[in-house]
Amino acid sequence: MNYPADLKYSKSHEWVKMDGDVAVIGISDFAQDSLGDVVFINLPQEGDTVSAGEAFGDVESVKAVSDLVCPVSGTVREVNEELLDAPEKLNSDPYGAWIIKVEGITGQEELLDAAEYEAVCAVAED
Amino acid sequence: MSDLKRTQLYDLHVLSGASMVDFGGWEMPIQYPAGIVAEHLYTRHACSLFDVSHMGRLLIKGAERVPFLQHVLTSNVMALDLNQAQYCIIPDENGCAVDDAYLYRFEEDQFLLVVNAANTEKDLVHLTKIVSRYDCTITDITKDYASIAVQGPKSREILAVLSGGEAVTEPMKNALNTLQMEGRTVRVAKTGYTGEPLGYEVFVASEDAQWLWNRLIELGARPAGLGARDTLRLEAGLPLYGHEMGVDPDGVPMPIFAVSLARFAVSFSEQKGNYIGREPLERQYAAFKKIMSRDFSDMSVLPRRIQPITLVDRGVMRGGMPVYRGDEMIGWVTSGTMVPYYRHEGEGLATKILDDTAKRAIGLAYLSSDVLEDDVVEVDIRGKRLKAVIPPYHMRVDAPPFARPILYKPAEQEADADTGSRAAKALDLIQMASENHQWRQTCCINLIPSENSASRAVQLLCASDPAFRYAEHKKIKSFYDQDVFYYQGTRFIDRVEQMLVEQMKQYLGCCEVETRVISGQMSNMAVFSSLMDWKNRLDRKHTPKRLGYVLNNHIIKGGHLSAQPMGALHDYIAVDPVTERSAVVNFPVCKDNIYKIDVEETKKVLEKYRPELIIFGKSMVLHREPVAAIRQFVNEQHIPTTIMYDMAHVLGLVGDHFQKPFEEGADIVTGSTHKTFFGPQRGVIGVNYKKSDLEYGLWETIETRAFPGSVSNHHLGTQLGLLMAAYEMNTFKDEYQRAVVENAKHFAKCLKAQGLDVAGDPANDYTETHQVIVSVGYGTGPEVADRLEQNNIIVNYQATPDEEGFTASGALRMGVSEMTRFGFGKEDFGKLAELMADCILRAKDVSGDVEKLRAGHTTMRYCFNDEKMQEALEGFLGQLGL
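Chains as they are written, first to last, in numbering that gives the first Met the number 0: chain A, 0 to 125; chain B, 0 to 881.
Note that these hints are calculated values from the structure, not bench results.
Since the structure is predicted, the reported quantities are computational estimates derived from the model, not experimental observations.
The C-beta atom is built at its ideal place from N, Cα and C for all residues, glycine as well.
Careful, some of the hints might be misleading.
To be verified - Computed from the model, here is a short list of chain B residues facing chain A with C-beta under 10 Å: (1) Gln30; (2) Gly34; (3) Arg317; (4) Pro321; (5) Arg324; (6) Met337; (7) Pro339.
To be verified - Subject to a maximum C-alpha distance of 30 Å in a straight line, what follows is the list of computed DSS-like cross-link-like pairs (lysine-lysine): (8) B:Lys358 x A:Lys100; (9) A:Lys10 x B:Lys383; (10) A:Lys62 x B:Lys408; (11) B:Lys358 x A:Lys62; (12) B:Lys504 x B:Lys540; (13) B:Lys386 x A:Lys62; (14) B:Lys4 x A:Lys62; (15) B:Lys153 x A:Lys62; (16) B:Lys358 x A:Lys88.
Take the sequences, apply the hints, and build the full model.
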């Protein structure tokens, strides 16, 4: 299981990376492993408002639907349209396959560093 | 999680890293590390293993096992022969399902009922309450056996490694077999829940479970979990209890006939008496028939039915989502998800399955019964209405060895009518016909066993005047059975027909011959019609009884399609009320030579069924038919029967070098006059009943079922040509037949020496007929036959007796008669074998060599080609003005 040190993580298993003022957001290796094969993704539109702690879309695996919870509040600047036709990239490359980029950040959830997040995951597995 | 039950394979799943879940009280693998999508695809592409040991296995034994099962199941248990299985449903008093199940008959005196794991306890409670009324026991043997499903196009070859090459089961669905695999007893069923055309469920003793699982993985199968099991069965359109059966999302019980498989699982045979749920099921069936005829006036008994559904907009459907038609809520999705598939390119037999994959959002839905195929509906997915359509099905399996995903396509617009000049098209046609004739007659080596070319004399006669005329005639008893012709201008053809009958009587060695039939199938239909008419001759006041039982060669074992219910036998064969199937039984074949009838086993079948008609004859034929042995046996056993030999292919081999059917005891012989026989394309019927025999009346019936029963115009041109062909046969048959059989044996041996896999018995040089059969690899027949055609060698691909169907064909079927007629000898067939091996095994282009070989053989033998005849034919041709 991968926990890259240069990212921040939410308790709901999303990762965040700051690229200047823009937050790049995806799901963690732990998340994709729990989901199993991702077969579908519902993405927001560019310009949509997102709020920290609220769903900004969902991913569907073969068996179930899971909300994507936004770690920050702001405005969607860009969505990764590649994922519409190839959602399986979230499984094969969770840290390369970003989902949305958010600008105009007005707030965020409590974010964990890699070590803290790994500890959260260890507890979740028991 | 420790209260959950574990199968015999639990440890292996955990070791493989499977994610385990609670399924119906069992701790089962939902997926392995590969993931559901990969597991699904590997099943469709190669072979997957599923641990299904959690399913309930119940053994039913006892003197009244049949009445008990007839009472508690919807199916007709008496339709199950030994080594067969059937899908069935356990009904409740209201015609709804307690569970769906599969019934297996591995042994003569007991039945195995396999039920869903989640319902095993409930089913046992239900069945135990009833079994106490019968002299019968149910034993739960779930713990004693493990069950592994082995599914996918490679499943057959993988299991065959373990069986040491022995065929694992007969190729048809629901066939069972008990055999040894590496020293252990194994019960195999050709059944499954993935929809794969090649797929098996294997039952082994618990102590052998891990051995089997591990061996199958060693041989290339991969484990798949319950997640993939669900996506596979969904794509196949198979119901899952709790979703497509049971209760709907409102908690209302679903009628059994809501599921389309009910048509096969539910029987109303008299033998089932007043079984549980019979009355409501009969009402449901009546409602179902109305709905199938698009009569929606009263859908109260069957308001909703399960249909496949495909999402058109972007999204994923899930069970429980409501479905709308306009504002009207018409039902729910019962199962849905994203299902992966392999893309394909090309069309028809040339379709190629690619490595590239895609996904589609499909499902099954419980919808108002007036919803039709191609209807567009809307699915409510978490508050949004998305467009969906009703396809006929998601997948088809009539082209084994692969299951084919069927992607929904709306009906195509009809192309605009072609309005080019017909005069130009007529010229084109002449050009094309000329090219085709040239190609087939001078460049190709024609090895299709049912084909031949006719002599110049025969062809010219066929094209001459009687070809445009009629000559209907009938015997009139007032005139001492003299034929009376209805039309004028028929004196010539009257003489011709009489001479033809005379020649055919001499050729076949029989008393009477009918020549008006114009094909082999028509000959057979006229005979079947006559037998049925004759059977009912003393009672014309009731609907005639059909024929049954009939003993024939099954088409899979090389029997001609004519003798099957799908062919000429279609409207003449009775349905056995006990089994609710056609009253047909098949010749058993030898275990060590599937091309040969097993006479001793046939005798047992004859004793059991006492068939009123025995039909010998095959279209994939390497051996003589055992007519004499069977005639002797039915006489000794006093089995009243008619022995018919549809000689079809081998009509031209009647004689010392093959068989003399009437001498061996056949009553009726039919045949095609254009295969090994020299004629144009027609049929013929011969019988050996004398005027003093009771059955002479049957002969007279055959004459009337030929005319006016089957023809009005009996194609006088080719009848005239056939007389010339009969002269040729009677004159040259000894040399010709000897050459054909010798050439076939030699050709077979040469092909074998070139490294090809020749079917048949090496001890008699592989064949006793004109045919040679070569196996080129399961499923590769069509491609190899096509490649040979590119090289001007014309053969046909055919499924061998242990292959599922013609798209899975692994063999080539060839005949030497046409080329023998053009003068091919042993040396030529030797050279041909070399060229074929080069093409088949080494993919060489041999078209030039083939043309050269053919070019030396364009003069026809075994016909009258002396100077006098040649002169006469030249004159005739001039006269014909053609």
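Status of the hints after comparison with the structure:
Checking glutamine 30 (chain B) against chain A: minimum C-beta separation of about 6 Å stays under 10 Å; hint holds. Annotation: glycine 34 (chain B) was flagged as interfacial toward chain A, and the flag holds, the nearest CB pair being 5 Å apart, inside 10 Å. For arginine 317 (chain B), the interface hint holds, the least distance from its beta-carbon to any beta-carbon of chain A being 7 Å, beneath 10 Å. Annotation: proline 321 (chain B) was flagged as interfacial toward chain A, and the flag is violated, the nearest CB pair being 16 Å apart, outside 10 Å.
Taken as an interface hint, arginine 324 (chain B) does not check out: its beta carbon lies about 25 Å from the nearest beta carbon of chain A, beyond 10 Å. Evaluation of the methionine 337 (chain B) hint against chain A yields a held restraint, the C-beta minimum of about 4 Å falling below 10 Å. Using the Cβ-Cβ criterion of 10 Å, the hint placing proline 339 (chain B) at the interface with chain A is satisfied: the shortest such distance is roughly 8 Å. The suggested pairing of lysine 358 (chain B) with lysine 100 (chain A) holds, with an alpha-carbon distance near 27 Å, which does not exceed 30 Å.
Between lysine 10 (chain A) and lysine 383 (chain B) the alpha-carbon distance is near 29 Å, which keeps this suggested pair within the 30 Å criterion. For a cut-off of 30 Å, the pair hint linking lysine 62 (chain A) to lysine 408 (chain B) stands: about 27 Å separates their Cα positions. Proposed proximity of lysine 358 (chain B) and lysine 62 (chain A) is supported: the alpha carbons are some 14 Å apart, at most 30 Å. Between lysine 504 (chain B) and lysine 540 (chain B) the alpha-carbon distance is near 36 Å, which puts this suggested pair outside the 30 Å criterion.
Under the criterion of a C-alpha separation no larger than 30 Å, the hint pairing lysine 386 (chain B) with lysine 62 (chain A) is consistent with the structure, at around 21 Å. With a C-alpha separation of about 23 Å, the suggested pairing of lysine 4 (chain B) with lysine 62 (chain A) holds against the 30 Å cut-off. For the suggested pair lysine 153 (chain B) and lysine 62 (chain A), the alpha carbons sit about 27 Å apart, so the restraint of at most 30 Å is met. Between lysine 358 (chain B) and lysine 88 (chain A) the CA atoms are separated by roughly 14 Å; this keeps the pair inside 30 Å, and the hint holds.
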